[in-house]
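Protein chains in written order, with our numbering: chain A, 1 to 228; chain B, 229 to 456; chain C, 457 to 699; chain D, 700 to 767; chain E, 768 to 991; chain F, 992 to 1215.
Each hint should be verified, as a subset may be incorrect.
Calculated cross-link-like contacts (lysine-lysine; reagent style DSSO-like; alpha-carbon spacing at most 30 Å) [as the list claims (entries may be wrong)]:
| hint | chain 1 | residue 1 | chain 2 | residue 2 |
| --- | --- | --- | --- | --- |
| 1 | B | 238 | F | 1116 |
| 2 | F | 1105 | C | 690 |
| 3 | E | 935 | F | 1159 |
| 4 | E | 917 | A | 224 |
| 5 | F | 1186 | F | 1142 |
| 6 | F | 1069 | B | 238 |
| 7 | F | 994 | F | 1116 |
On the chain F side, residues computed to face chain E include the following (Cβ under 8 Å) [as the list claims (entries may be wrong)]:
| hint | residue |
| --- | --- |
| 8 | 1007 |
| 9 | 1122 |
| 10 | 1125 |
Quick partial rundown of chain B residues pointing at chain A, CB under 8 Å, derived from the structure [as the list claims (entries may be wrong)]:
| hint | residue |
| --- | --- |
| 11 | 255 |
| 12 | 256 |
| 13 | 263 |
| 14 | 267 |
| 15 | 268 |
| 16 | 269 |
| 17 | 278 |
| 18 | 284 |
| 19 | 392 |
Derived by calculation from the structure, the hints in this document are not laboratory data.
Ideal Cβ placement from N, Cα and C applies to all residues, glycine included.
What follows is each chain in one-letter form.
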Amino acid sequence: MNGFLNIVSKDLRLALRQRSDLTMAVLFFILTAMLFPFGLGPEPNLLARIAPGIIWVTALLSVLLSLERIFLADYEDGSLEQLVLSCASLEIAILAKVLAHWLTTGLPLIMAAPLIALLFNMDTEAITILLIAMLLGTPSLSLIGAIAGTLTLGARRGGVLIPLLVLPLYIPTLIFGVGAIDAAMNSLEAGAVIANARPHLLLLGAILLVSLLITPLAGAAALKQALE
Amino acid sequence: MNGFLNIVSKDLRLALRQRSDLTMAVLFFILTAMLFPFGLGPEPNLLARIAPGIIWVTALLSVLLSLERIFLADYEDGSLEQLVLSCASLEIAILAKVLAHWLTTGLPLIMAAPLIALLFNMDTEAITILLIAMLLGTPSLSLIGAIAGTLTLGARRGGVLIPLLVLPLYIPTLIFGVGAIDAAMNSLEAGAVIANARPHLLLLGAILLVSLLITPLAGAAALKQALE
Amino acid sequence: MSVFHRFANPNRFLKLTNTVLPWVSGITVVSLVAGLYMAFFTSPPDYQQGESVRIMYIHVPSAWMAMFIYTSIAIASVCSLIWRHPLADLAAKASAPIGAGFTFLALATGSLWGKPMWGAWWVWDARLTSVLILFFLYLGHMALMNAFEEQERGNRAAAILAIVGFVNIPIIKFSVDWWNTLHQPASVMRADGPSIDPSMLWPLLIMGLAFKFFYLAVLLIKIKSELIEAKLRKYRRAMVDSA
Amino acid sequence: MDQIMNFFSMGNYGAYIWTAYILTAVVMLSLLVTTLQRLHKNQAELEELQQLMESAKQSNNKEETARP
Amino acid sequence: MGKSLFSGENLTCVRGGRNVFIGLSFHLTESSVLILEGPNGSGKSSLIRILSGLLRARTGTLTWQNEDATNEPEIFQKHIHYIGHRNAIKPVLTVQENLSYWSGLDQNDTDLDKALDQFNMLPLKNTPANLLSSGQSRRLALSRLLASRKKLWLLDEPSVGLDVASVKLLEHVIDQHLLTGGSVIFATHSPIDVKAPTRLNLREYSPLYNNALINLDDEEECWV
Amino acid sequence: MGKSLFSGENLTCVRGGRNVFIGLSFHLTESSVLILEGPNGSGKSSLIRILSGLLRARTGTLTWQNEDATNEPEIFQKHIHYIGHRNAIKPVLTVQENLSYWSGLDQNDTDLDKALDQFNMLPLKNTPANLLSSGQSRRLALSRLLASRKKLWLLDEPSVGLDVASVKLLEHVIDQHLLTGGSVIFATHSPIDVKAPTRLNLREYSPLYNNALINLDDEEECWV
Ligand code: HEM
Ligand SMILES: Nc1ncnc2c1ncn2[C@@H]1O[C@H](COP(=O)(O)OP(=O)(O)OP(=O)(O)O)[C@@H](O)[C@H]1O
Ligand SMILES: Nc1ncnc2c1ncn2[C@@H]1O[C@H](COP(=O)(O)OP(=O)(O)OP(=O)(O)O)[C@@H](O)[C@H]1O
Ligand SMILES: [Mg+2]
Ligand SMILES: [Mg+2]
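Okay, chain A solo, but in the shape it has when bound (with noise of 0.2 Å):
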C-alpha cells in the first residue's frame, strides 16, 4: 500500500512540476468540443441533442492523446526497469500509474465537462447524469488505455498504434455513457431521470469492475515482456 501510494505522489508530483501534462488534455477538450458548434450551426435544440455525444467522444479524444505519457518516459529514461525491479507486486504499481494518470487527465475533464454542457444548452438534470457517467467512465477509459500503453513500448511507432488498439475497446463506454444521459433527457417526469438512467450507469460501473480486473494482469504481462 505504501509502494502504490509512493508512485501515484511521484506522478502526480511530476505532473504537477510539468504543468502543461496537466493543461493539456484538458485545453484539448475543451478546443475540441466548442469546434462543434461552429461546424454544425448554432441550433440550440440540435446542439442539445447531440451534446452528450460530441462531450463524450471529445472526452475518449482526450485521453487518448494523454495515453502515451503513461509509460513511455518512464520506459525511455530507465525508471520502468526499476519500477519492475522494486515493487513488491507489478499489478498495484500499474494500478497506481493509471490512478494518477486519472486523476491528471480524467479528473480535470469532468471538472471542465459542465462548462461544455452548458455551452450546448443542456438542462441541469442530464449535466448531474453527465457527471456520474464521466465518473464512473473515465476510469475506465484509462484503464483500458493503460493497457494499449504498455503494449505499445518499443513499438516502432507506438503513438499511431494506440488509437488502433485502443479506439474499439472504448466504444462500449461510449455507447453507455450517452446511453444513460439520452435516457435522463427523454426522462419526462423529473422522478423518473435517475431511474432511466440507471441501466446504463450500471453497465458502465460493470465495465470499470471488469477493466479493474484486467489490467493489472494484461498490463504486467505487457510490461514484463517490453523490458525482455
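Once you've looked at the hints, dock chains B, C, D, E and F with the ligands against the given chain A.
Same frame as chain A, but now just chains B, C, D, E and F with the ligands:
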C-alpha cells in the same frame, strides 16, 4: 525549383518508409468519425444532417495531430539547420515541406472521406461538394498549421501549444467547408447544387490564397529565430 | 502438454502437414461445390425474403468464421503465453489475416443483404457494431504483431491483446438477445436445436464446413511458409556470421 | 435462355447476390493465392541458398584437402 | 571460499533471434566481486539483465543461496539492485527527490544525505536533475545503491562518465559493501580497482567472437 | 607550430544561472589535438557545445582561421562535426541507413562501407539500430565522422562504452585524420592515446573546483 522537388521527394520517401506516418492521419480520421454514430445514436436523418460538420471537425483534428511532424523531427536531429544552410530560399523550402505534408495527410483524408460520408448516409451530390471543399480546404489546414509548427519549435512542450494556436485559425475553413455542403444539401433543384455552394467554395479558395502568401513569410521568420 | 510436444519439432510438423494437406484441400473443394450447388439449385427461396436469402449461405458461414478464428487466436495466445510454444505464435500470426478477411466478408455480405431487406447499407445496431469492432481488433492485432523489430515481442504483445479483445466475442454472439436489434436472432446455434427448415439448414452447414476446411488449408500452408522463412533467416544469419 | 436470365436476375436481387458471391470469391481466392505465392517464393529461395551453401562447403573442403 | 550466493549453470541467451552467449556458467560467493569482461556485443549487459530477472535465459539454471530460482526470479529480485546504462533520472525533479523516490525513503531521511555524500553529491542536493552533467547524473544513479541496502549489486558499466576522483569513490563504496557482507557483479571496459575480484570474460561464450560456437546451433530446432 | 585554426579568448559560460567556467582561453593549430580534461561538472561538455555553435558564450571571443567568429558561428559550423553524449541514432533505421541519412551520402556509396569498416561495424550493416549494444551504438555514431569529411571533430567522451579494441580503432582513426590535415578536440576521462596532444584542464576555470573564482561572480550583475 529543383530544390523544391528535392525536398518534397525526400519527405515523401521518408513517409513511405515509415508507413505508419501515412496511415496515422487516415486511420485516426476513420476511427474517430465512426465514434460519432455510437455517440449520437443511429438515426439516419440526424446523422446525415450533421455529417458535414463531423467530417470536417474530424479532418481538422487529424491534420492537427500530424502538424508536429512537419518540422519537429528535422529540428531535433539537426536536418533543419542543413536545410536552412543549403537552401537558396527558405520560403520555397517551407512550401515544399508543406506540400509533402499535404500529400501524406490531406490527400489520404480526401480519399477516405467518401467512405465515411456513405456510412453517414450522405447523398452523392453532397459528397461531390464535400470532396471539392476538402480539396480547397485541406491545403489551407496544412499551410496554417505549418506556421504553428515553426513557432513552437524549441518551446518546452511545443505539442501542447499547437492546438491552442491553430484551432482558432482553423475556424473559418471549418465554417465555409461545412457551409458549402449544407448549401448543397439544402438546395431543392438538382441544378442549383453547385450554384448554392459556390460562394462558400470561393471563400475557401480565398483562404487558401491568403495562407499561401502568409505561410512562407511567417514560417521563414519563425524558423530563423528557432535556430538562433 | 504431451500432444503439444509431439509436434514440437518443426520437421515432424512439416511432415504431418504434407500428409494432411491434400485431404483438407479435397474436403474443401468437394464441400464447396456441393454447398454451392445446394445453395443455388436445391434450396427454396424464403417466403419472406425471396431469393435474397441465398446471401445467407455465405454471410452466415463468414460470420461464424470471423468469430471462430478470433477464438482460435485467443486460445493460441493463451498457449503461447503459458507454454511459450512457437507453434501457437505461428498459428496466431497466420490466422489473423484470414480472420480479418472473413470478418470483412461478413460485414460486406451483411451490408449487401441489408440494403434490400432493411433499406440501408448500414445501421448502427449492436450486432453490426460489435462485428465492426471485431474487424478493428483484427487490424490492431496484425499491426501490433508487425510493429516490433523483434518478432517475439510482437507475438507476445499481440497475444495479450487477443486475450483482452476476446470479451468482444460473447458480445457479438449474444448482442441479438441482450438488445433488441434489426438483426435476426440465432436460429442454428441455439441451446434448443436449430429452428430453420432442413432444406436451408443443410446447404448452410455444408458451406460452413467448406469455409472451416478452407481456413485449415490456408492456415497449414501459411505455417509451412513461415517455417521455411525461419530456416531462411537462420541460414542468412549463419552466412553473415561466418563471413 | 429465359431460364438462365431468370436464374441470374434472382428475383431482382441479382445485383446484391452476385456481388456478394463474387466478393467472397475474390477475398478467399486472394487469401489463397498470396499464401501460395509466398510459399513458392520461400521454397525457391531456400533451394537457392542451400545450393549456395553446398558449393561453399565443397570449395572449402577442396581447399582443405589441397593444402597439405 | 565463502558460502555460495548466486550461481548459473550452462546459461544460453537468445536476443533478436541470435545466440548472444552459449553455455555460460558463473559462481558468486558471499562478500565477493565478479567482474564481467568482454568486447562490445559479447553479452555483458544481456547477462546482467538475466541476473536481474528482467530477461529470461533460453536454457540453463540459476541458483540463489542453494535454491533453484530459474523459473522464479522473484526469489532473488528482492535482494538485488540493478543499475543499467540508463540512469532513470527524472529531469524535473531535484537530486534529492530523485533519490528519495527510488530508495523509498522519506525526503528528510538522513540516510539520503549520507548516500549523496558518499558520491560527493551533497552540494547539488537541491539542483534540478536536468542541470546535471553526465558524470553527475551517473553519480546520482549510483548513490541509490547506498540508499536501497540490497545484498547484491548488479552494475552495468558503473564508471561511465565518472572522473578519476569519482571512480575512487565508487571503489571505496564497493569495498565497504563487501565488508558488510554484500556482493557485487559489474561489467566494465575501464579498470575499476576492487579487492580480490573474480573475472569472467564473455568473449569465449559468444558466437560473435568464438567461431567454435557458430555451428553448435545448427542442429537445434528452429521455430522463429 | 602550425597555422592557427580555432581559438578562444577569455570565454565565460553561464548555464542554469551558474557560472560554469570563467576566463577560459584555448588555442588549436591545424593538424593537432586538444584534449579537454577536468572533473565532472567542470564544463567540458559545455565548452564543446560552445565550440559547435550550439551554445553561446556569455563573454569572450572565438576566432576561426584568424577570422572573428564570435557572433557568426556559421563561419565554423560548416567545418565541424560534433558528437555529444547522445548518439542521435534512429532506432527504426538499420545501421547503414542511419549512417547514410546523416552523412548525406547515397545508400550504396562505398564510402559508407569504408566508414563502417573502420569501426568494425560492417557485419552489422543491416541490423536495425535498436538491437545494438551500447558500444556498438557508439561506434555507429563515431563512424559518421568518417562519412562526413569535416575539418574539425568535436567529440564529447567518444570512448564511452567502447571496448579496448575499439578504443584502438578510434585512436587510429584520429591519427589518420591528423595526417590528412584535420584537427580534433575531445573531452575524456579515460586515456585515449593520440599523437602530440595539447591538454586543457578545466578544473582551474570552474568556480565549482577553483575557490578563487567564487567571489568573482559576486560583483557581477545577476539577472537570471
Ligand atoms: C453488415 C451487416 C451484418 C453483420 C455484421 C452481420 C453479422 C452476423 C453475425 C456475426 C452472425 C452470426 C451470429 C451467430 O452465429 O450467432 C450473423 C448471422 C446471421 N445473419 Fe447477419 N449480419 C449482418 C447483416 C445481416 C442481414 C441484413 C441479414 C438478413 C436480413 C442477416 C441475417 C443473418 C442470419 C439469418 C444469420 C443466422 C443467424 C443464425 O442462424 O444463428 N444478417 N450475422
Ligand atoms: N534489445 C535487444 N534486442 C535484441 N538484441 C539485442 C538487444 N540488445 C542487444 N542485443 C544484441 O545482443 C548482443 C549483446 O548485447 P549486449 O548489450 O549484451 O552486449 P555488451 O556485452 O553489453 O556490449 P557493450 O560492451 O557494447 O555494452 C549484441 O550483439 C546486440 O546486437
Ligand atoms: N542543460 C543545462 N542547463 C543548465 N546547466 C547545465 C546544463 N547542463 C549542465 N549544466 C551545468 O553546467 C555544469 C557543467 O556541465 P558539463 O556538462 O559541461 O560538465 P562536464 O565537464 O561535461 O562534466 P562530465 O564530466 O560529468 O560530463 C554542471 O555543473 C551542470 O550543473
Ligand atoms: Mg553493455
Ligand atoms: Mg560531459
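Interface hint compliance - residue 263 (chain B) to chain A, C-beta minimum distance less than 8 Å
5 Å, holds
Should the hint that residue 269 (chain B) touches chain A count as held when the rule is a Cβ pair under 8 Å?
Given a least distance of 7 Å, the restraint on residue 269 (chain B) holds.
Does the nearest C-beta of chain A fall within a distance shorter than 8 Å of the C-beta of residue 284 (chain B)?
OK, holds: residue 284 (chain B) within 8 Å of chain A, min 5 Å.
Minimum beta-carbon distance criterion (8 Å), residue 267 (chain B) to chain A:
Holds. Min distance 3 Å.
Quickly compare the C-alpha distance for residue 917 (chain E) and residue 224 (chain A) to 30 Å and report which way the hint goes.
Holds, at about 22 Å.
Would the stated hint for residue 255 (chain B) survive a check requiring a Cβ distance to chain A of less than 8 Å?
6 Å, holds
At a threshold of 8 Å, is the proposed contact between residue 1122 (chain F) and chain E supported by beta-carbon distances?
Hint on residue 1122 (chain F): holds, closest Cβ of chain E at ~5 Å, below 8 Å.
Between residue 1069 (chain F) and residue 238 (chain B), is the straight-line Cα distance small enough, at 30 Å or below?
22 Å, holds
Does the closest beta carbon of chain A sit nearer than 8 Å to the beta carbon of residue 278 (chain B)?
Residue 278 (chain B) check passes; min Cβ-Cβ to chain A is 6 Å, inside 8 Å.
Given a cut of 8 Å on the nearest C-beta pair, is the interface hint for residue 1007 (chain F) held or broken against chain E?
Holds, because the Cβ-Cβ distance from residue 1007 (chain F) to chain E comes to roughly 4 Å (cut-off 8 Å).
With a cut-off of 8 Å, does the beta carbon of residue 256 (chain B) approach a beta carbon of chain A closely enough for the hint to hold?
5 Å, holds
Please work out if residue 1186 (chain F) and residue 1142 (chain F) have their alpha carbons no farther apart than 30 Å.
17 Å, holds
Hint check: a violation occurs at hint 7 only; the rest are consistent with the structure.
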